[in-house]
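All chains should be built: construct the whole structure from the sequences, respecting the hints.
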Amino acid sequence: MASGSTSEPLDRIDKQKGQNLGAVQPKLEPFLPRKDHNPRELKSWAKRTGFVSIFSGETTSTSFREHDKKSDIGGLDLEKDLERNGSSSPKIEIDPVLGRARNRGLEIEPGLGSTHGLQKDGAEPILGEKFEERKIDLNGNGDRNGNGHGVAGTSTLGIQQKKEDENVESVVAIEEYQDGEEPGGQWPTMNCGLKDNPVPLIYYGLQHYLSLAGSLILIPLIIVPAMGGTDKDTATVISTMLLVSGITTILHSYFGTRLPLVQGSSFVYLAPALVIVNSQEYRNLTEHKFRHIMRELQGAIIVGSIFQSILGFSGLMSRLLRLINPVVVAPTVAAVGLAFFSYGFPQAGSCVEIGLPQILLLLIFTLYLRGISVLGHRVFRIYAVPLSIVIIWAYAFFLTAGGAYSYKGCSPNIPSSNILTDACIKHAYTMKHCRTDVSNAWRTAAWVRIPYPLQWGIPIFHLRTSIIMIVVSLVASVDSVGTYHSASLRSGSKPPTPGIVSRGIGLEGFCSVLAGLWGSGTGSTTLTENVHTIDITKVASRRAVQLGAAFLILFSFVGKVGAVLASIPQALAAATLCFMWALIVVLGLLTLQYSQPSNFRNITIVGVSLFLGLSVPAYFQQYQPKSSLILPSYFVPFSAASSGPFHTGSRQFFIMKPPLFCSADGCQLDFSMNALLSLSMVVTLLVAFVLDNTVPGSRQERGVYIWSTAEDVVADPSSLSDYSLPSKVAPYFRW
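Positions 1 to 735 (the UniProt record's numbering) are the ones given, in order, by the sequence shown.
No wet-lab data here; the hints were simulated from the structure. Hints are all accurate, no fakes.
With a straight-line cut-off of 30 Å between C-alpha atoms, the simulated DSS-like cross-links for lysine-lysine are:
#	residue 1	residue 2
1	LYS289	LYS426
2	LYS432	LYS232
3	LYS289	LYS232
4	LYS289	LYS560
5	LYS426	LYS408
6	LYS195	LYS538
Beta-carbon label-pair distances, calculated as ranges:
#	residue 1	residue 2	range
7	ASN191	PRO717	25 to 35 Å
8	SER719	VAL390	35 to 45 Å
9	ILE450	VAL199	30 to 40 Å
10	SER719	THR430	56 to 66 Å
11	THR286	GLN455	20 to 30 Å
12	PRO200	VAL390	18 to 28 Å
13	PHE398	ARG319	53 to 63 Å
14	VAL390	PHE557	17 to 27 Å
15	ILE310	VAL390	39 to 49 Å
16	ILE450	LEU356	38 to 48 Å
17	SER633	ASN284	15 to 25 Å
Note that beta-carbon positions come from the ideal geometry of N, C-alpha and C, so glycine has one too.
Spelled out as structure tokens, the structure:
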């Protein structure tokens, strides 16, 4: 291999470049230097462009510095060759006026007969050379000379230069367009930015919430019947959820992270609520069962939310962020969706002629028809959930009207009375889950009803249920951390600072306290599906989300709205939730894109966490021989709290105790531990958190979240203006 150590070839190259310079270089007009230049803006081009390295999800130029120091791939050491040539390594600087790269010193490029920067076959530049060219290209230059004019010295050099540039451009294009990104590491262009006020503001606001309809209205259809509530109770809880979601979303958009994120009843709180509902203590209640359980949930949610609020407003959450990484968030969020696999299709299959078409229609809309536009809008992709519900709901109505679920001697209006007739016992379950006229709430509900705090009574506070909700609030915080990071990138904003994240978590805790006071049955948190909604609607307008929240509050005052939604058949709701829970699993695993998903360390942690997160709860759930005879099969996995294998032995110190209730501290702890270890998301979070923070791994391997820092704010105060609080409120949050 020719070393090119003599200066004669280099002199000849420079002479040839000078001869061809006048023919290639265009005439440039004189320019005036920028007067408003701020040198700190060019502190790091990676931070300004949001560039993502191919080795990790970090948005820093660490990989470039490492490759500059060590570029001996293929046995070629550029630093040693330069030392042998008596030359220094190339220096790349940023012109403070032009805002682009310029070279100082000798440039590394293939000379005549030289193989520097090429493999032996001379066809492809080495990786170190690609990185060097990539740095220059992304800084605004057209060639490796740093002059931006594309000057080639000889025809041979020009051809080689062109081939290398094409190779580099193809590599950059492949890496930066993956996962729907655009050049420069940015996410796809939004139709509406964070601060935009589009003309069809009402349309965009309603569109945002319609795409989240499944998450906002379907939880009461599961939890209220399990609590022994009536159709009227279901309608009231739906109206309460709409009100709480609207209020908390507006609060979060003004005083939280200020990202366009909808707050609502999260599936994170659904599983622990079902565990409490199906405990042995409440299983045998007959009078006022719904109100008693609701008050118990209210007390537990309030205590857990106060803990979450303290965690955020004290700043402790900003300290914990260094321990919460994508490898922890991904399996935890995925476990939230996987926890309901025993409920999903068993409930949807109770009326298979309704549940199965709903699942198929959702898949057709979201996968096969996602690219079809109607009047410039991809209606099938954006409105897949509400559109499919309306179609299958109408189909179920025609089945009901046609007599498909009418049986001789069985009353269609009060299916619960069918258990008194032997001939109708086998049809009662089908009529309850399939008929569209089972609910009479839409006939008896008032037109105007305003949900109010403590409408179910004074909350009941027990230590055992409070411990459960405190731990669940930690899971909800981890879920929100991943949502904040993903939503900020998709909205075109810089990642928030740890202080802003902590502020958002604190306000979520305060919003969950409001949910506990109003009695929605679950806590309020940032919906994971927000990330998917921003992706498909291309709308990240804060004002649109606020206007949509105002409509939710308005709809909550109309009692008929909640009553109509309460009449959705349970099989239809369960089929829709099968898709929603699967979507949460996908959104959770998608968080791994910020780490190295193919790294053995990461995939092992994720795999072990998910497996144990499903297997350990299955061990605790097998200790309910009595429950399996009383509860429906899809609720048996949520009844392990009362009869699980965890026993502290402290009951022996108490001689007098009720047969079903236990007031001793040991019994309280037994209930809490059995309940927590029967929840998939809690076990998954525990395993992933311990493994990710104890198994050795570099920051690149772990994909550590990159949050904005105080130095970024000092360098560019306007960079985080998207998260700035209103001027009258900001002084109170400086601490």
